[in-house]
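K.L.:
Heads up: the protein sequence lines correspond to chains E and H, in order. Here the first sequence is numbered in the working numbering, starting from 1 and rising by one per residue. Here the second sequence is numbered in the working numbering, starting from 1 and rising by one per residue.
Just so you know, the hints here were simulated from the structure itself, not pulled from any lab data. Note that this is a predicted model, so its numbers are computed, not measured. Glycine included, every Cβ here is placed at the ideal spot set by N, Cα and C. Some hints here could point you the wrong way.
[Claimed, not checked] Distance condition first, Cα-Cα at most 16 Å in a straight line; then the derived EDC-like pairs of lysine to aspartate or glutamate:
(1) E/LYS148 - H/GLU5
(2) E/LYS148 - H/ASP4
(3) E/LYS150 - H/GLU93
(4) E/LYS147 - H/GLU8
(5) E/LYS150 - H/GLU8
(6) H/LYS12 - E/ASP100
(7) E/LYS104 - E/GLU151
(8) E/LYS147 - H/GLU55
(9) E/LYS146 - H/ASP4
(10) E/LYS150 - E/GLU71
(11) H/LYS12 - E/ASP98
[Claimed, not checked] Derived, one-sided and incomplete: chain H residues facing chain E with beta-carbon distance under 7 Å:
(12) LEU6
(13) PHE11
(14) MET14
(15) ALA17
(16) ILE23
(17) PRO24
(18) PHE53
(19) PHE54
The chain contents come next:
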Amino acid sequence: MNRKSLNQLLHSHHREAFIWSRQCCGFDSDLAKDVLQLTYLKILEGKATLNEASKAKTWLFSIIRYTAIDELRKAGKMITWDENHELVDVPEEVDGTDYDAIIKLLPAMQQQVILMVFYHQMTIEQSAEVLKIQLGTARTHYARGKKKLKELILKSQTEANHGKRRTDRKLL
Amino acid sequence: MENDELIESFFKDMRQADQNLDIPAFPVSKTRKTNWFIPVGVAASMLLVGFLFFEKEPEVKAPAEVIIITLEQGPNHEQQFKIEESTYLETWESSTSSLLTEF
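Assemble the whole structure, with the sequences as input and the hints as a guide.
P.N.:
Below, the structure written as structure tokens:
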């Protein structure tokens, strides 16, 4: 693939690539910009080559993810990528409109599988390719992540309803 | 299925909220025009050097005409040179052939 085609491909995925970069950087927009720049450099300098044009999105997401891991390490912001890591401190109150904060309550691997499937409309197989894990493992993260996210959403909804009732009572 | 609807609705709202995100402009890769001049300049210099060093020396062509110098004996037994110009040699006699016949 020549430089012009690569440029066009990157341009067409730019918005989604930035959002994915941000999601990989713990929703830090500034770091996400740097990560995306570095990713484009790697690609245009030929350090990362695309073998199958049909897998462009998976390939781009994978490079962004690894670049983000490197940059997070350099910035001293360690993220636990352990596949079995399940420890998440769930706060007593969850704001249902703070979507980033709710996603951050999931373990890293679950976050990424869930984001790729539900946010970026990718398949579990594609997410397994991006994360370089077995399909079975990706499916486990998907199922656990979905279950945990549902609990968090329900919790935030319940809290929102309670808050509403409290204000209704005060008004009466 | 109900789970998926709840989650899908969550992500639909999340995507909507992300519409307000400040997306950086796509970096335009600059095509450096000066890059063209460097290889062209190097190639031109090499051609010039090659032309100067490997220029063929002009070939020295033999004159089209042949000069025939013969030593003849005159009527008073004196030796005299006879110089003729011709395009070809009709006869050729070795300069030492007289030595063979004299002895």
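K.L.:
Now tell me, hint by hint, if it's right for this structure.
P.N.:
Now for the hints, and whether the structure bears them out:
Of the supplied pair hints, the one linking E/LYS148 and H/GLU5 holds, its CA atoms being roughly 15 Å apart against a limit of 16 Å. A C-alpha spacing of about 12 Å is found between E/LYS148 and H/ASP4, which places the hinted pair at or below 16 Å, so the restraint holds. Annotation: proposed proximity of E/LYS150 to H/GLU93 is violated, straight-line Cα distance about 120 Å (limit 16 Å). For the hint linking E/LYS147 to H/GLU8, the alpha-carbon distance of about 13 Å falls within 16 Å, and the restraint holds.
At roughly 10 Å between alpha-carbon atoms, E/LYS150 and H/GLU8 fall within 16 Å of each other, so this suggested pair holds. As the CA atoms of H/LYS12 and E/ASP100 are separated by approximately 13 Å, the hinted pair is consistent with the 16 Å bound. For the hint linking E/LYS104 to E/GLU151, the alpha-carbon distance of about 14 Å falls within 16 Å, and the restraint holds. With a CA separation close to 83 Å, the supplied pair E/LYS147 and H/GLU55 exceeds the 16 Å bound.
For the hint linking E/LYS146 to H/ASP4, the alpha-carbon distance of about 8 Å falls within 16 Å, and the restraint holds. Restraint check for E/LYS150 and E/GLU71: the C-alpha separation of about 31 Å exceeds 16 Å, so the hint is violated. At roughly 13 Å between alpha-carbon atoms, H/LYS12 and E/ASP98 fall within 16 Å of each other, so this suggested pair holds. Hint status for H/LEU6: holds, given a least beta-carbon distance of 6 Å to chain E, under 7 Å.
The interface hint given for H/PHE11 is met, as the beta carbon of that residue sits about 4 Å from the closest beta carbon of chain E, less than 7 Å. Of the supplied interface hints, the one on H/MET14 holds, with its beta-carbon coming within about 4 Å of a beta-carbon of chain E, less than 7 Å. Here the hint on H/ALA17 is kept, as its CB sits about 6 Å from the closest CB of chain E, short of 7 Å. Proximity of H/ILE23 to chain E holds as hinted, the smallest CB-CB distance being about 5 Å (cut-off 7 Å).
The interface hint given for H/PRO24 holds, since its Cβ lies 5 Å from the closest Cβ of chain E, which is under the 7 Å cut-off. With its C-beta approaching chain E no nearer than about 37 Å, H/PHE53 sits outside the 7 Å limit, and its interface hint is violated. The closest approach between the C-beta of H/PHE54 and any C-beta of chain E is roughly 37 Å, which is over the 7 Å cut-off, so the hint fails.
Comparing the model with each numbered hint stated earlier shows that hints 3, 8, 10, 18, 19 do not hold.
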